[in-house]
Amino acid sequence: MEVTKKYVARKIKTVRWKPPTTDYGRTDVFITGSWDDLDNVVEVWQVPETEEDPSRLHQLPHLGSVNDMQYITRDMFAAGSSNGGVKLYQHDSSNHLEEKMSWDRAHTFVGSSAPCTALATNGDQIASVGEDGNLVILNPNQKIPIRTIESVGGCSVYAVVYVRASEVVTANMQGHLKLWDLRSAQSARATLLSPDQIAVCDLASHPTQQHLVAAGGEDGALAIWDMRNTSQPFTIISAHSGPISEVRFHPGAPEHVFTCGLDGQLIHWDASASARPTHIPSFKNTRDPSGGSINVWLSSDVARGAIETVSVIPYSPLPINSVDVEGSTLIAGSDNEAIYMVRQVLLY
Amino acid sequence: MSAFSKNTSRTWSIQDPVITNRMHGIIGGVSSLLVFPHKDHYKDDRVEGKIKLYQVESFSWLWSRQARKLINEAMGTFISLQDAVKEVEPDDYKSVLVKKCREYRSMIQACVEDITMCRECEGDQEELTASGQLLYKMELILSLIEILFIDKKPGGMILGQLLMWIRSHFTQCIEKKNEVMESDHPHQHSAYWEAVYGSVLQGRMEDARHMLSNHPFADTDPFLSIDELLRKMPFYQVYGGVSVAEFTVRWQHWQSECERRLQEGHYSTCHQLQTVCKILCGDQKTINNLIDLMDTWYHLMVSTLLFTCPTVKLFRLHSAAQDAIACVGGEQSTTPLDHVLLAAMEADILQVIKECQQVLDNTWFTAHVTDLLCHTMGQTTDQKFLPELRESLLLDYVSVLVSHCSLWQIGILYLDHLGPSGIAMSQTVLQRLPLTDDSRAHKIIQMASDRNFDSVVVGVCRVMGRRALSQGRLGSAIWWGVRSRDAAFTSHLAHQILQKYVVEGRFESSQLLDDLGPAMLLSDTLTFLGKYREFHMMYQDGNFRDAAVLLVSLISSKLAPEYFWPVLLLDALPLLKSEEPVISAEQTYELMYCLHNLHNHASKRGKQSSLENEATCSAFLEKEIDLRLALSNNLARAIIHEGSVDN
Numbered sequence: 001m002e003v004t005k006k007y008v009a010r011k012i013k014t015v016r017w018k019p020p021t022t023d024y025g026r027t028d029v030f031i032t033g034s035w036d037d038l039d040n041v042v043e044v045w046q047v048p049e050t051e052e053d054p055s056r057l058h059q060l061p062h063l064g065s066v067n068d069m070q071y072i073t074r075d076m077f078a079a080g081s082s083n084g085g086v087k088l089y090q091h092d093s094s095n096h097l098e099e100k101m102s103w104d105r106a107h108t109f110v111g112s113s114a115p116c117t118a119l120a121t122n123g124d125q126i127a128s129v130g131e132d133g134n135l136v137i138l139n140p141n142q143k144i145p146i147r148t149i150e151s152v153g154g155c156s157v158y159a160v161v162y163v164r165a166s167e168v169v170t171a172n173m174q175g176h177l178k179l180w181d182l183r184s185a186q187s188a189r190a191t192l193l194s195p196d197q198i199a200v201c202d203l204a205s206h207p208t209q210q211h212l213v214a215a216g217g218e219d220g221a222l223a224i225w226d227m228r229n230t231s232q233p234f235t236i237i238s239a240h241s242g243p244i245s246e247v248r249f250h251p252g253a254p255e256h257v258f259t260c261g262l263d264g265q266l267i268h269w270d271a272s273a274s275a276r277p278t279h280i281p282s283f284k285n286t287r288d289p290s291g292g293s294i295n296v297w298l299s300s301d302v303a304r305g306a307i308e309t310v311s312v313i314p315y316s317p318l319p320i321n322s323v324d325v326e327g328s329t330l331i332a333g334s335d336n337e338a339i340y341m342v343r344q345v346l347l348y
Numbered sequence: 001m002s003a004f005s006k007n008t009s010r011t012w013s014i015q016d017p018v019i020t021n022r023m024h025g026i027i028g029g030v031s032s033l034l035v036f037p038h039k040d041h042y043k044d045d046r047v048e049g050k051i052k053l054y055q056v057e058s059f060s061w062l063w064s065r066q067a068r069k070l071i072n073e074a075m076g077t078f079i080s081l082q083d084a085v086k087e088v089e090p091d092d093y094k095s096v097l098v099k100k101c102r103e104y105r106s107m108i109q110a111c112v113e114d115i116t117m118c119r120e121c122e123g124d125q126e127e128l129t130a131s132g133q134l135l136y137k138m139e140l141i142l143s144l145i146e147i148l149f150i151d152k153k154p155g156g157m158i159l160g161q162l163l164m165w166i167r168s169h170f171t172q173c174i175e176k177k178n179e180v181m182e183s184d185h186p187h188q189h190s191a192y193w194e195a196v197y198g199s200v201l202q203g204r205m206e207d208a209r210h211m212l213s214n215h216p217f218a219d220t221d222p223f224l225s226i227d228e229l230l231r232k233m234p235f236y237q238v239y240g241g242v243s244v245a246e247f248t249v250r251w252q253h254w255q256s257e258c259e260r261r262l263q264e265g266h267y268s269t270c271h272q273l274q275t276v277c278k279i280l281c282g283d284q285k286t287i288n289n290l291i292d293l294m295d296t297w298y299h300l301m302v303s304t305l306l307f308t309c310p311t312v313k314l315f316r317l318h319s320a321a322q323d324a325i326a327c328v329g330g331e332q333s334t335t336p337l338d339h340v341l342l343a344a345m346e347a348d349i350l351q352v353i354k355e356c357q358q359v360l361d362n363t364w365f366t367a368h369v370t371d372l373l374c375h376t377m378g379q380t381t382d383q384k385f386l387p388e389l390r391e392s393l394l395l396d397y398v399s400v401l402v403s404h405c406s407l408w409q410i411g412i413l414y415l416d417h418l419g420p421s422g423i424a425m426s427q428t429v430l431q432r433l434p435l436t437d438d439s440r441a442h443k444i445i446q447m448a449s450d451r452n453f454d455s456v457v458v459g460v461c462r463v464m465g466r467r468a469l470s471q472g473r474l475g476s477a478i479w480w481g482v483r484s485r486d487a488a489f490t491s492h493l494a495h496q497i498l499q500k501y502v503v504e505g506r507f508e509s510s511q512l513l514d515d516l517g518p519a520m521l522l523s524d525t526l527t528f529l530g531k532y533r534e535f536h537m538m539y540q541d542g543n544f545r546d547a548a549v550l551l552v553s554l555i556s557s558k559l560a561p562e563y564f565w566p567v568l569l570l571d572a573l574p575l576l577k578s579e580e581p582v583i584s585a586e587q588t589y590e591l592m593y594c595l596h597n598l599h600n601h602a603s604k605r606g607k608q609s610s611l612e613n614e615a616t617c618s619a620f621l622e623k624e625i626d627l628r629l630a631l632s633n634n635l636a637r638a639i640i641h642e643g644s645v646d647n
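From first to last, the protein sequence lines are chains A and B.
Using UniProt numbering, the first residue of the first sequence is number 1, and each one after it goes up by one.
Using UniProt numbering, the first residue of the second sequence is number 1, and each one after it goes up by one.
Rather than coming from a laboratory, the hints here were simulated on the basis of the structure.
Don't take each hint at face value.
Stated by the list, open to error - Restricting the straight-line Cα-Cα distance to at most 27 Å, the calculated cross-link-like pairs of lysine-lysine (BS3-like) are:
id, chain 1, residue 1, chain 2, residue 2
1, B, K313, B, K354
2, B, K152, A, K5
3, B, K137, A, K6
4, B, K39, B, K152
Kindly produce the complete structure, drawing on both the sequences and the hints.
Take a look at the structure:
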């Protein structure tokens, strides 16, 4: 595992790998969004084959801080801004960015704009949440949002994630998770509670087991929720000494989760040790792939908190804002105006 | 209008007719000034034109993109230096300090490379060139400081290091040599002999010999002779095992050999070789004549010392420097950069730092160098001013950082290592940072709570809560109130919510009140709010008996604010009128007592109440009769009921 750090002269709020062109392919291009600067930008970077630092391919100015970015399809992504707008960009094969669509007042307070805090996508629509507490569903082809679900009580919502094609979970600053069924006209199907008004800062859904959601909290604890049993989280494990800023499941190996936080740590949660093979002899006598029928995250080991945690990045004095992993390379953006790149992250 | 300071009189004027003769300014932020036309109360002037407010901010080179990388990397080195110095024994400081100094230098060099790359792409060429020169100067000064102060070799023989310093900063002779050697007939190239002289002056004997061997006459006697001399020149190695005295003997023997050969006329056929030999003999005049190849007095000084006094020690450097300067043009032609180098050679740290401040217009360099020197010299007692100077320069540097919208986090990290004044500044800065949105507020709170600045946390939460309240987002407001653990603010919020309920008749943010949890206990009013909401839930669930008990306890415990009693009593009305008696006699007495008090207060306040109170009062008065009737009915019923149960 090697860690490289490249200084990029801007504080990075979001990093995202560009999805590979084929399902099992590799990707070597990622995008970053900056924040808190006079002129914020969205940039495209390429990771070379050799051991060198990533190089910048293209840069586009962005109004307001880039609070979240999500790829909707392989060459379109949406970026949520702190000025309340959501913009759709095209990222073509020559790694050039172009703005395609913009929803400027997606989130508003009374009399001013509200920052958009998180985005989620199911490949078809974009769900956006912001500090005004509203959940806005956008269609990439339409200027007017399909649906706006207003919150009652005016609490900022910090995270959103799709668990099924038409079901969305949002998490707000009070630590409440709400499951919304977008097909129905009524409000949340279930409200999940997290004790003590600890804010939930980010949500991540398991790539294959859609009922599993991981929530990173303000107290530095990672909570694993099973949506089938919504009375309490399946388990809560603490590792960070400050709020968690992002949670990510590894898309190819979902028994690995990565979290990064305001305490400057990037932690790799490895539940693969609790993966047990099925004892049911199948016709071909094959072993189920981990994360398959027996979900490692719902095993008793994890419930006990017996899970391996490894700190991936050496001590950073400033917060690490974002992490993304694809294949065996991990990228992270921090307030130290640097991008970290860790190759061979899964092999120790 | 114009403004000028004592030392550097730079003047800017604002082109605005309204503002002439009447400018007034106030501090607008950490380093910005707000300037506007001043209105004199005593004169009745008509003002023509729009009145504008100007924000004047200082721009620092530190805010350019190249400098940002330098700032961030330097922060890492600075912090690791402070930590290392605490952990390591004072005797081992030197290796740590040398390492950190080299880290700073490599940062500067990386920055220079970035600029060269940038120059090819885009950007303001002038600015990039200026940045490049600035960085070159910084690296030059820093490497000299490393040699003279930090990386002192035992024995005090510095010529070897100085020679390396000159070689790495003056590469014209190498470039010339490459150019010459690549041409078809090197010896006919116009720069051939210049390259040879340049190499010799920098002590690059191998290069000089290589070039001379390409000369067609390389086999002749003069060339072979000079080749031998060049090959045999002794160079002092610090850890070479040869003592200074022995080296001096060898060197003098070698130089006398050079002089002998020169006098015997070995090189009379080729005057260039004669020049080379004269250089080797340390002939001042010859070396001075070649000043064009050396550009600067320090190159001249080092080259002169190489061939006149290779065992020079630090304390002699100053006079050698003065001689070199005299040759170059005297004191008049020295630049501020020269002053810095001269001060360093005089081992006068204070002067070095002062002169650096003249050369460079940003505080990055002086702050970090002073820090390095402070740790290097910290042990000796005659440099007492250093720690204070270090603190003051670093505070200046930090104040530039925190005035930038993005670099404030780095500034706060530096302040951790600057003692009590750093901590005080840290608190002040964190409180004054603009809170643009939630994530920034969270980061500020995280930094403040890491450093145990509870007042800052409370302050930030209050600002965010107040803002949320003004935008009507009660949920967020309460969350910030709870987070601040500030009873006063939370009470205020709770009162706002209750008053809204009194006016509107419903809770806007009922969901958040349901799940306050232990946060409810933060303030009495909030507890009341939570309990009241619980009462609503019980009532909606049909759990009337428990609801009644809760309601009466709320009333009798005086948790409720006075303006809310009418609402509570009105809530009690349906319970009083319910089919089954849910309110006992005792409880009815409580309610009656409450009603009685309320009536008294209302009549006392009758004349002074505001419109809203009047509205509620009048609504209440209408219901009062109803209430009294219900209370007495219930009392009767309850007494009977309890009496019969007893029996």
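How the hints compare with the structure:
{"no.": "1", "hint": "B/K313 <-> B/K354", "in the structure": "holds (25 Å)"}
{"no.": "2", "hint": "B/K152 <-> A/K5", "in the structure": "violated (32 Å)"}
{"no.": "3", "hint": "B/K137 <-> A/K6", "in the structure": "holds (25 Å)"}
{"no.": "4", "hint": "B/K39 <-> B/K152", "in the structure": "violated (63 Å)"}
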